[in-house]
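The hints should help you fit chain B onto chain A, whose structure is shown.
2 protein chains.
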Amino acid sequence: MHIVPASLHNSLVRAAYQQRGFTDSEAEDAARFCELAARHGIKTHNAIKALHLDDLFGSKAGGCVPGAVIRDVTPPGKFAASRIWDAQRKLGPSTAFAAMEEAIRLADTFGIAQISVDHAFHYLWGGGYVMEAAKRGYIAYTNCTAALAEVVPFQGSFPTLGTNPHSWGFPTTEALGFPLVVDWATSTVAMGRVQQCKREGKQLPIDAAVDAQGQPTTDPHAATALLPFGAHKGYGLSLINELVAALIGGSLPTLRSRPVPAGEKRTCTFYFQVIHPEALNAGAFAMGRSQSANVHAVIQDILGHGNEKCLLPGQPEAEAARLSAHAGGLLFTASEIAELAAVAQSTHQPAWNLEDFPVFTPAP
Amino acid sequence: MHIVPASLHNSLVRAAYQQRGFTDSEAEDAARFCELAARHGIKTHNAIKALHLDDLFGSKAGGCVPGAVIRDVTPPGKFAASRIWDAQRKLGPSTAFAAMEEAIRLADTFGIAQISVDHAFHYLWGGGYVMEAAKRGYIAYTNCTAALAEVVPFQGSFPTLGTNPHSWGFPTTEALGFPLVVDWATSTVAMGRVQQCKREGKQLPIDAAVDAQGQPTTDPHAATALLPFGAHKGYGLSLINELVAALIGGSLPTLRSRPVPAGEKRTCTFYFQVIHPEALNAGAFAMGRSQSANVHAVIQDILGHGNEKCLLPGQPEAEAARLSAHAGGLLFTASEIAELAAVAQSTHQPAWNLEDFPVFTPAP
Numbered sequence: 001m002h003i004v005p006a007s008l009h010n011s012l013v014r015a016a017y018q019q020r021g022f023t024d025s026e027a028e029d030a031a032r033f034c035e036l037a038a039r040h041g042i043k044t045h046n047a048i049k050a051l052h053l054d055d056l057f058g059s060k061a062g063g064c065v066p067g068a069v070i071r072d073v074t075p076p077g078k079f080a081a082s083r084i085w086d087a088q089r090k091l092g093p094s095t096a097f098a099a100m101e102e103a104i105r106l107a108d109t110f111g112i113a114q115i116s117v118d119h120a121f122h123y124l125w126g127g128g129y130v131m132e133a134a135k136r137g138y139i140a141y142t143n144c145t146a147a148l149a150e151v152v153p154f155q156g157s158f159p160t161l162g163t164n165p166h167s168w169g170f171p172t173t174e175a176l177g178f179p180l181v182v183d184w185a186t187s188t189v190a191m192g193r194v195q196q197c198k199r200e201g202k203q204l205p206i207d208a209a210v211d212a213q214g215q216p217t218t219d220p221h222a223a224t225a226l227l228p229f230g231a232h233k234g235y236g237l238s239l240i241n242e243l244v245a246a247l248i249g250g251s252l253p254t255l256r257s258r259p260v261p262a263g264e265k266r267t268c269t270f271y272f273q274v275i276h277p278e279a280l281n282a283g284a285f286a287m288g289r290s291q292s293a294n295v296h297a298v299i300q301d302i303l304g305h306g307n308e309k310c311l312l313p314g315q316p317e318a319e320a321a322r323l324s325a326h327a328g329g330l331l332f333t334a335s336e337i338a339e340l341a342a343v344a345q346s347t348h349q350p351a352w353n354l355e356d357f358p359v360f361t362p363a364p
Numbered sequence: 001m002h003i004v005p006a007s008l009h010n011s012l013v014r015a016a017y018q019q020r021g022f023t024d025s026e027a028e029d030a031a032r033f034c035e036l037a038a039r040h041g042i043k044t045h046n047a048i049k050a051l052h053l054d055d056l057f058g059s060k061a062g063g064c065v066p067g068a069v070i071r072d073v074t075p076p077g078k079f080a081a082s083r084i085w086d087a088q089r090k091l092g093p094s095t096a097f098a099a100m101e102e103a104i105r106l107a108d109t110f111g112i113a114q115i116s117v118d119h120a121f122h123y124l125w126g127g128g129y130v131m132e133a134a135k136r137g138y139i140a141y142t143n144c145t146a147a148l149a150e151v152v153p154f155q156g157s158f159p160t161l162g163t164n165p166h167s168w169g170f171p172t173t174e175a176l177g178f179p180l181v182v183d184w185a186t187s188t189v190a191m192g193r194v195q196q197c198k199r200e201g202k203q204l205p206i207d208a209a210v211d212a213q214g215q216p217t218t219d220p221h222a223a224t225a226l227l228p229f230g231a232h233k234g235y236g237l238s239l240i241n242e243l244v245a246a247l248i249g250g251s252l253p254t255l256r257s258r259p260v261p262a263g264e265k266r267t268c269t270f271y272f273q274v275i276h277p278e279a280l281n282a283g284a285f286a287m288g289r290s291q292s293a294n295v296h297a298v299i300q301d302i303l304g305h306g307n308e309k310c311l312l313p314g315q316p317e318a319e320a321a322r323l324s325a326h327a328g329g330l331l332f333t334a335s336e337i338a339e340l341a342a343v344a345q346s347t348h349q350p351a352w353n354l355e356d357f358p359v360f361t362p363a364p
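These protein sequence lines are chains A and B, in that order. Letter 90 of the first sequence, counting from 1, is numbered 90 in my numbering, and no numbers are missing. Letter 109 of the second sequence, counting from 1, is numbered 109 in my numbering, and no numbers are missing.
Mixed in with the good hints there might be a few duds.
Put simply, identical chains are the same to the list, so a pair is met inside one copy or across any two.
What the hints assert, rightly or not - Below, simulated EDC-like cross-link-like pairs (lysine to aspartate or glutamate); rule was C-alpha separation at most 16 Å, straight line:
1) 78 x 108
2) 43 x 174
3) 202 x 108
4) 135 x 356
5) 202 x 219
6) 309 x 35
It is worth saying that the hints were derived from the structure and are not from the lab. Please read all numbers here as calculations on a predicted model, not as lab measurements.
One chain only, chain A, in its complex shape (with noise of 0.2 Å):
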């Protein structure tokens, strides 16, 4: 792993997101997620996957619109602690970091708050949005439609789902050193998985995908669309995130980010929750112990008894952020920076060379 200066990383993600058209403000907030991804060790959504992303289904195919405002659509006067908004396809990140500021505000008041998203443009990795609010002391949530059906129900053959993540962040850092975050995607593998199995000559896990019959199947050639995790547990899960966007006012998933006849949609939602851990105190923990405590004291009995070596959900993101502060940069490899130094080019920023990146060997 190399070193990358976070102030250079910036500079590059804001050049490119103004090249593209983005506002100040909105470069800015693309800048914010992706250095947030990479110092956490996402390198599933980092600026490669945002820029990407952007190329294929945002900017520059009309499915994000720079410089789009945000509507709040709330009924006058009703349901103070809730807001619907109509993004108008605004970026992701901008329209998700103001949603979940939005969402905090209520919560103060309320104890709880949502936010409800239409005509949103993807947001990439949803356990950044809840990871950021529980560092500052709040209960988060988050779900939405992913950008393509590549899910076949429980039982089903035809994949109809999004791999619809869900993402839950606690405010544990006084308890535990660090937020906990639990985010995953409801399918077993995500699709990208199947062509790193691919690659590597791997098989698949059992009950992670089908193959064009809608028969599961363990090799990744044969692969053609992906299975809930757990059953019918995760297509369950899957289920929520498709009516809850069917509430708000997504449509058909299979249509989602594909060509749509005249009057369908094919933008994707988000939906915020916001708690105050005060909203849920009881105030009568055991043994004296504070909220803080009582959280710390539990998370002791479950990785106690034999258990100590079990992670909890947040850890590797944890780490992640260490070892990147260590380091006092982002982590990237080698292959990442060469992506990175293409972006560098194409957007007239002063050159990338790896050789200018010290090798980063975390202690043993």
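Chain B only, in chain A's frame:
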């Protein structure tokens, strides 16, 4: 299956709870809950289970207090869309029905609302409460901590987590004919399934249980603890219940329902959330659809394209309710009727005789 008139069933449940010292109102809630479970084919959480739970952990064991009065401990003037309750170990269904009622009232105003409950006694079947709210037109969610730590964390060896269920209900009756209810434990199977496999000489599914050494096993005789479903994903979902509980006031999961040292707690907690569907509605459905027509179209898309035989979560319960309605009563097996007959005898109610309950044969 035999047909038992709901009125007779409910009289018996009321009498059994009154005999245990519960108030008329609590006995009525117990009857309402047990009828709901029986009517929807929930064999694991009907009157027999409810009374068995009360024997083991409830009014006979001090875990549940007849006539207990719920205290509202929300900080005065704060968190208007939230309520924090100390249930003082009141009967679970009474607490849960009241919490859902209050959450609905608040969601009408705020669009979203939550009720957190400390010092709770088990509510049995979370799916029932969210289903009732969904039938009334709301999105509802609940989680709780399970009675016993029976589940081993992902990559651990000792059971420190409950089977910690999650239940979501969606107001899809207009769109689909029944409420969609996603409701399951976060273990692959319940401990009851292990007992059943033992009796029937069957193997457990893989990734369902571990032996005394913490190694995965499919032998029900060797199984001593359960595993979360879906590896790290089900583990994360189980942790959510423990974290929410820890923030409310629940203590160490390995102490739950067990003898505890002075100053410790062994009660479970409940969390309820209700969302008004209009507080999500951005009003821009494709093809001029209504919100409900949009939900219908999305589900038709998911279950189209060759997926027509897939079931929706909540569909088996809806089918059971249809059969109950067709039979004109609640459906019980002969062995269930024998158990209820024993309850009738011990509560000095008129005798239950199997021959009084006509056999029900569903039409093919």
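Hint check:
1. In this assembly of identical chains, the alpha carbons of residue 78 and residue 108 lie at most 16 Å apart only when taken from different copies (9 Å versus 18 Å within one copy).
2. For a Cα distance limit of 16 Å, the shortest separation of residue 43 from residue 174 qualifies neither inside one copy, at 27 Å, nor across copies, at 43 Å.
3. For the identical chains of this complex, residue 202 and residue 108 are neighbours neither inside a copy (49 Å) nor across copies (53 Å), given an alpha-carbon limit of 16 Å.
4. Taking identical chains as interchangeable, the C-alpha atoms of residue 135 and residue 356 are never at most 16 Å apart, the minima being 33 Å within one chain and 63 Å between chains.
5. Taking identical chains as interchangeable, the C-alpha atoms of residue 202 and residue 219 lie at most 16 Å apart only when both belong to the same chain, with a minimum of 8 Å there against 30 Å between chains.
6. For the identical chains of this complex, residue 309 and residue 35 are neighbours neither inside a copy (29 Å) nor across copies (45 Å), given an alpha-carbon limit of 16 Å.
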